[in-house]
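Undergrad: Protein sequence lines correspond, in order, to chains Y and L.
Residue numbers for the first sequence follow the numbering used here, so the first one is 1 and each next one is one higher.
Residue numbers for the second sequence follow the numbering used here, so the first one is 121 and each next one is one higher.
For the record, the hints were derived by calculation from the structure and aren't laboratory data.
Only a predicted model underlies this, so the values are computations on that prediction, with no experimental measurement involved.
We treat Cβ as the ideally placed atom computed from N, Cα and C, and that holds for glycine.
You may find that some hints are simply not true.
[Claimed, not checked] Here are the simulated distance ranges between beta carbons:
| id | chain 1 | residue 1 | chain 2 | residue 2 | range |
| --- | --- | --- | --- | --- | --- |
| 1 | L | CYS160 | Y | LEU68 | 23 to 31 Å |
| 2 | L | PRO134 | Y | GLY16 | 44 to 52 Å |
| 3 | L | GLN189 | Y | GLU63 | 29 to 37 Å |
| 4 | Y | THR57 | L | GLN151 | 13 to 21 Å |
| 5 | L | ASP197 | Y | LEU68 | 46 to 54 Å |
| 6 | Y | GLY16 | L | GLU125 | 35 to 43 Å |
[What the hints assert, rightly or not] With a Cα cut of at most 30 Å, we get these calculated DSSO-like pairs of lysine-lysine:
| id | chain 1 | residue 1 | chain 2 | residue 2 |
| --- | --- | --- | --- | --- |
| 7 | L | LYS165 | Y | LYS64 |
| 8 | L | LYS227 | Y | LYS41 |
| 9 | L | LYS165 | Y | LYS66 |
| 10 | L | LYS165 | L | LYS122 |
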Amino acid sequence: GAVVSQHPSWVICKSGTSVKIECRSLDFQATTMFWYRQFPKQSLMLMATSNEGSKATYEQGVEKDKFLINHASLTLSTLTVTSAHPEDSSFYICSASYFILDGISYNEQFFGPGTRLTVL
Amino acid sequence: RKEVEQDPGPFNVPEGATVAFNCTYSNSASQSFFWYRQDCRKEPKLLMSVYSSGNEDGRFTAQLNRASQYISLLIRDSKLSDSATYLCVVNNNNDMRFGAGTRLTVKP
């Protein structure tokens, strides 16, 4: 099955620093990757949709200059939280769409294991 | 109105019980529908897709009513391991919208 990895799985950083989270599709090429954020006891909130080779599309209320997304290849997307603050502490999850080459596509999303960010 | 609304829960049921979750969506152009399961502090995992004709996978049955913009999930003979949060997901052109989730606890 489709496997998506994230690195790191958890990170603790000081306020004001930047943190980069990697999302990789391990056994398939993902033209579209998604970044979500989840606060405790709340649902997933879509932050942005990332297409390989183009700029990410951000959801309303998500600052593109604070959450930098790069989708440089079909297997890697990165999210950089710049100048992180305690309110950015959350569970960040990426997902990837899985497409089969013969034109049949599955539009389920496969999720990475998530990255727990704690900003002190 | 939220794009995807679910029963707020929580549902606390004994082992062996049958439990049903409901979900409504607001975008009539939505194309595909899913139920995901999320365990505490873990990522969501696809439980099943939902097809117009309804589909069954073991103890799990999903139904879709496009006219009413309504999706359901039925779990029969619930197990302790079914305890999780169940997320209703609606997709329109790769724009996936998640419900807030319904928490299920199955007790011995």
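Undergrad: Evaluate each hint against the coordinates.
TA: Now the hints, each set against the structure:
no. : hint                           : verdict
1   : CYS160/L - LEU68/Y: 23 to 31 Å : 30 Å, holds
2   : PRO134/L - GLY16/Y: 44 to 52 Å : 51 Å, holds
3   : GLN189/L - GLU63/Y: 29 to 37 Å : 33 Å, holds
4   : THR57/Y - GLN151/L: 13 to 21 Å : 18 Å, holds
5   : ASP197/L - LEU68/Y: 46 to 54 Å : 48 Å, holds
6   : GLY16/Y - GLU125/L: 35 to 43 Å : 39 Å, holds
7   : LYS165/L - LYS64/Y             : 28 Å, holds
8   : LYS227/L - LYS41/Y             : 21 Å, holds
9   : LYS165/L - LYS66/Y             : 28 Å, holds
10  : LYS165/L - LYS122/L            : 22 Å, holds
Hint check: no violations occur; every hint is consistent with the structure.
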